[in-house]
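**Student:** Chains as they are written, first to last, in the numbering used here: chain A, 2 to 310; chain B, 2 to 310.
One or more of the hints may lead you astray.
One copy or two, either will do: identical chains are not told apart, so a pair holds if it fits within one copy or between any two.
[To be verified] Once the Cα atoms are required to be at most 35 angstroms apart in a straight line, the calculated DSBU-like pairs of lysine-lysine come out as:
hint, residue 1, residue 2
1, 198, 55
2, 307, 193
3, 193, 38
4, 71, 198
No wet-lab data here; the hints were simulated from the structure.
2 protein chains.
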Amino acid sequence: MDTIRVFAPATVANVAAGFDILGFAVNAPGDEVTVRKTDSEQVVMSSITGDNGKLPTDPQKNTATIVIIKLLEHLGIQQGFEIELKKQMPLGSGMGSSAASAVAAVYAANQLLDTPLSPMELLPFAMEGERAACGAAHADNVGPSLLGGFVLIRSYDPLDVVTIPTPESLYCTLLHPQIEVLTDDARKILRKHILLKDAITQWGNVAGLMAGLIMSDYELIGRSMHDVIIEPVRSLLIPGYDEIKQAAIDAGALGCSISGSGPSLFALSTSEELANSAGEAMQNACSQNDIESELYISPINKQGPKILD
Amino acid sequence: MDTIRVFAPATVANVAAGFDILGFAVNAPGDEVTVRKTDSEQVVMSSITGDNGKLPTDPQKNTATIVIIKLLEHLGIQQGFEIELKKQMPLGSGMGSSAASAVAAVYAANQLLDTPLSPMELLPFAMEGERAACGAAHADNVGPSLLGGFVLIRSYDPLDVVTIPTPESLYCTLLHPQIEVLTDDARKILRKHILLKDAITQWGNVAGLMAGLIMSDYELIGRSMHDVIIEPVRSLLIPGYDEIKQAAIDAGALGCSISGSGPSLFALSTSEELANSAGEAMQNACSQNDIESELYISPINKQGPKILD
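Next up, chain A with everything else stripped away, as it sits in the complex (with noise of 0.2 angstroms):
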């Protein structure tokens, strides 16, 4: 085999209490691209569509080719590829736009190469790409693409990562208001130092929304949806936020917070009616503020990266 075409999903990091170890991967939207082995010794981009131009083309750049790239520096193989993408999703969107291109592009090449390493495998080298596209290899957009369903970073040194099983219900609503926030000034907006007292009522949340998903206990992920330190900072650079969320719950939905570090914003609801009606209100209180979004309905992705053909 010496073409591959591979689709990877999109996903939402934080999951509202779970800040930086937390996110799940939906089926749409997501990347796809489409890999070659060449008689080259270079892995290159020959082509990007569906980014208006925006992503660089030097395959030390862009997060699809670096990852190859690193792949091959470690298995100490030579090989040239080339790299079609596909951006089937908003760039900057808080959806893991760049860690969907960076697993498309990884789990492709493995591919070709016969399949050296296993997913759980991939995951630095996918990193490398997040290195690439935002300065930090941060594994709760990759983890989730690449491992399907909720996964869990428990710690970066040493790296420990942990698949959650999901619940088998459980819907996504994902609302891409159509602004800009450079994830670099939303990190920058948090505080260093944060008040202990929260923190503990962080971290309560945490636990109960682990063991809600890990039980399979709705009511639980509901009443463990909320962050109180994060949210109550980045919502600020998301115009009506309180009332987009707050449409959301009152449509049914089990709780809402940002994907990410937004503009999206994500919701769980318990089936796909659910996930709808919270869509849609979610949808009509964005547009209060004149700001058009883009709208997806998903369960989650249990699955990771799909080869097409």
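Add chain B to chain A, keeping to what the hints say.
**Tutor:** Using the frame of chain A, we list chain B on its own:
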């Protein structure tokens, strides 16, 4: 039935990363009460043994009587009770001594009243015992003593308490160094502000601990038993702490930390044999500082209070 004898178990609060939100019960030690209906309308402490005269006998101040007074007020029942309290565990040890007395008493009285309330419904009354004993109605000792197993206090407002499945082969080693650490002092030395970075490490470990417990992943439990916020401060009050902890881990325990606010330490192991080895090693390490200690080895208590006769 006019008389009942009830045992309620000691508990380990905090459980490394889970400061103020998590606790579990052990089979031993624990406290025993004998509660008797009387013809008066008074709740009376008729005798206390095993406390070296340290506990108050004023019904409004003793944890074992105040919980019954609060229960009767809530039920709107006028009934006299006479309580004999047999302390079978050290006071101020960090093993939930006041909680065990409160739970045994309120559980016993509820039985004699033909069980109007479930154990979960008794929790707010048991918490009143903690308020009498230490000024704050915390639930991380009374919760597990009353409900058995691991108990998560997700939130106090509203009170949200979740019982967490207990892995089958988990054993607890409890070492009580015979020094005094006042709960109040142990709380006062904590910083009010902490680094967000440390909080993230902590809630990663809280999440790992919850996942490990519910999925019976013993290695994950061990990897998650790290407290980077409270333990580094409170352990300063316990001579030889680092050596005792290291001895437990070297002997094969999954992890070791402070029980409650100390001075007791607890370790978790995957067998009784390992729990015994850890205990021996911990006691040896403790004696290096010429400090006597009491040692308890026990499976996790899954039952909560036990009716003796």
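**Student:** Next, verify each hint and record whether it holds.
**Tutor:** Hints versus structure:
In this assembly of identical chains, the alpha carbons of residue 198 and residue 55 lie at most 35 angstroms apart only when taken from different copies (32 angstroms versus 42 angstroms within one copy). In this homomeric assembly, residue 307 and residue 193 never come within 35 angstroms of each other (Cα to Cα): the closest approach is 39 angstroms inside a single copy and 47 angstroms across copies. In the homo-oligomer, the alpha carbons of residue 193 and residue 38 never lie at most 35 angstroms apart, since the shortest distance is 46 angstroms inside one protomer and 57 angstroms across protomers. Proximity of residue 71 to residue 198 under the C-alpha cut-off of 35 angstroms is restricted to the inter-copy arrangement: shortest distance 28 angstroms between copies versus 42 angstroms within a copy.
Checked against the numbered hints listed earlier, the structure breaks hints 2 and 3; every other hint is satisfied.
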